[in-house]
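Asks: Okay, here's what each chain looks like letter by letter:
2 protein chains.
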Amino acid sequence: MLTVEEARARILAAIAPHAPLPAEAIPLTTALDRILAEDAIAHDETPPFINSAMDGYALRAEDTQRATPETPVTLRLAGEVPAGRVYAGVVAPGEAVRILTGAPVPDGANAVLQQELTEVADGMVTVRQTVSSGNNMRPAGGDIRPGMRLIAAGTQLGPAEIALLAAAGIHPVRVTRRPRVAILATGDELAPLGETPQPGQIRETNSPYLIAAVLRAGGEPIPLGIARDRTDEIRTKLDQARTADLILTSGGVSVGDYDLVKQILAENGNIDFWRVRMKPGKPLAFGLLGETPLLGLPGNPASAAVTFELFGRPAIRRMLGCAQVERPMVKARLIGSAIERGDRRHFVRVRLLSHDGILEARQTGRQDSHLISSLQGASAYLVIAEGEGKVAEGEMVPALLLNDALPWENEV
Amino acid sequence: MLTVEEARARILAAIAPHAPLPAEAIPLTTALDRILAEDAIAHDETPPFINSAMDGYALRAEDTQRATPETPVTLRLAGEVPAGRVYAGVVAPGEAVRILTGAPVPDGANAVLQQELTEVADGMVTVRQTVSSGNNMRPAGGDIRPGMRLIAAGTQLGPAEIALLAAAGIHPVRVTRRPRVAILATGDELAPLGETPQPGQIRETNSPYLIAAVLRAGGEPIPLGIARDRTDEIRTKLDQARTADLILTSGGVSVGDYDLVKQILAENGNIDFWRVRMKPGKPLAFGLLGETPLLGLPGNPASAAVTFELFGRPAIRRMLGCAQVERPMVKARLIGSAIERGDRRHFVRVRLLSHDGILEARQTGRQDSHLISSLQGASAYLVIAEGEGKVAEGEMVPALLLNDALPWENEV
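Protein chains in written order, with our numbering: chain A, 1 to 412; chain B, 1 to 412.
Calculated directly from the structure, the hints in this document are not laboratory data. Mixed in with the good hints there might be a few duds.
Note that identical chains are pooled: a pair holds if it fits in a single copy or bridges any two copies.
16 Å max Cα-Cα, derived EDC-like pairs, lysine to aspartate or glutamate [unchecked claim]:
#, residue 1, residue 2
1, K331, E360
2, K262, E233
3, K331, D356
4, K262, E309
From just these sequences and the hints, can you work out the full model?
Replies: Put into structure tokens, the structure is as follows:
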């Protein structure tokens, strides 16, 4: 049996020729959660000019050198520079110019005195203190300098990254094309969404799960529905996946008599059929169908979820050109029953709570691979390494953070 | 000046008549990240029938009572029940039926023996061990029982929740309508996305930021562009926001001579003009424009981001009917320079790293409210309470987790 790391390394090596996908230019306002295709480099300064940090008066600092509360200096109010405009003249000795926050500091002036510290009457500004040169002035380029690498290629764009790109005028922005991910469930026992299961059938849940999980990972799902356990039906469905960058199947890869996906892979592409030393999720198929990578996930819902997380999501992230294809790993303290180690790595669905700076992990319920209810509310998979003995309550254990969900609860 | 809590409580009280928004029924496959409008209650059992946990043979446990490796029992292979079908007959004494994982256990049988532990030849199944009643049988309703509350109203739907709703046949699903959020930037100094700033102008970044942040919060942004500093232009733009559930403006609410949003609010609605004891983000306007709540954010990018986070996002989440309108708060250890306390609560942009089970917080850069570059990469706002003295390196400090971004780095 392969280890999780060996299986993932083989998958990532096999998709390397398909990654990253080509870049496309899109409007910045539609770029949320897309992956930057190339480093974003600033071309000019932000702010583009020296500007005022306050509403007040631009003046020459040297004019205020002798000002005290008892012996104020008065300056002639020579004009005004609101935000968005440039003062036409030059501030001369003995003059002050009204200025608003963010407006360019006029030539001649070298300081701004905030309005709260002055009095203005009859066209004269009274200054009762020494103002030092540079006071309340924001330098040009103080936020962004030309040539600065603002955001590295492979970064997922959130609101702050989008604001930064807008500040630098990077619009449209070049992002990686979203991988098209075909999703096929297989099995005679599956009733599709919206249909009442026949006797012996259960409702199919892996397609709805995977559609959502692929979207979260940054892919574009292509749902192919359900194929019955017949090679011709599976083949017909997979023919619709010709434009896909990746195919995900669920079911059909274990040792059952009707497990046909691996048979099709063997006939029409090249197949690696693996058992991976993990729980849930032991049986896994990977190969190429023609040129397209195909990942055959197990049919049990928890197994499909965990194997998508460990192998499918990294494949999608690699195609997107993400710097980091794996989820963040943290350490959390086990609360509740001890967990037995075994000969396979165990991924235990847990809910995390931060308590006094320490993460606490509690199981969401029973961990059998056919259970769907305990997937819900899981904010991490606790990673129980292969071995002997037990992980006891209170031990610090690595946890794979499912952090694009809502993984946290408030401290109590 | 109001505290952050007082300001938020007033805003949430004012939008209470608008929250939650009405429910709408949508296909489950399009429900990712939507908010469940009513408790999801299971109507039937999952799994719907007793089924096999293994590929193997359904049999009567009592037939195997005397079986040992040396004195095996042989059972007549009477038929087969693949997944998705029901065995027509009844398993009689001395019989076994081939069964696949997930298939209904036939009447008469009360145990399943996995195929690895048997030998089959010439229509006979050899059993070399005692099989206990119930072995490898999954009970009906073992995952979901009728009447169970699967997911509470107000929950955001992730992949696992969608799988659970699919398992229970809840499709279409009733979710809260997304709040329509109009977004208007104001200021003569602002150049819109895609245009070169004129002398004295800067590129506008709050609209792109807020469009993305509103999407992340679950709202539907209605971008209104930029209004110059003239009441008629602002009024014309706001007229386009008539269908909005919430209006966000940025700029125009501080003490500058051209701050006109508050003037329009005062004339055409009802206004609360506040200073909030926080940094960045002191000036904030809130009121009703006609019937529509309007939140006037400050113009500086960091101020707009932090005030949206503290006041705008909770308003949207309340309209969505979310159980929890505030972000999770955790404790993190300050790394790097000490932070001076002041008379306003300070929200410091930090990057979090989990190290040996403890979160470490490092500032992303200088914290001036006009800087955009240090918004980037922030995974939390460290909350420095009002007071005297300093928060020293190593202290544990509350942090507001911006967790729908990518808040974590791997442990190093």
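Asks: Pop the pair K331 and E360 into one bin, within, between, both or neither, using alpha-carbon distances up to 16 Å.
Replies: both (9 Å within a copy, 13 Å between copies)
Asks: When no copy is specified for K331 and D356, does a C-alpha distance of 16 Å or less occur within a copy, between copies, both, or neither?
Replies: Classified as both; 14 Å inside a copy, 6 Å across copies.
Asks: Which holds for K262 with E233 at a C-alpha limit of 16 Å: within a copy, between copies, both or neither?
Replies: within (14 Å within a copy, 65 Å between copies)
Asks: Between copies, within a copy, both or neither: which fits K262 and E309 at Cα up to 16 Å?
Replies: neither (21 Å within a copy, 49 Å between copies)
Checked against the numbered hints given earlier, this structure breaks only hint 4.
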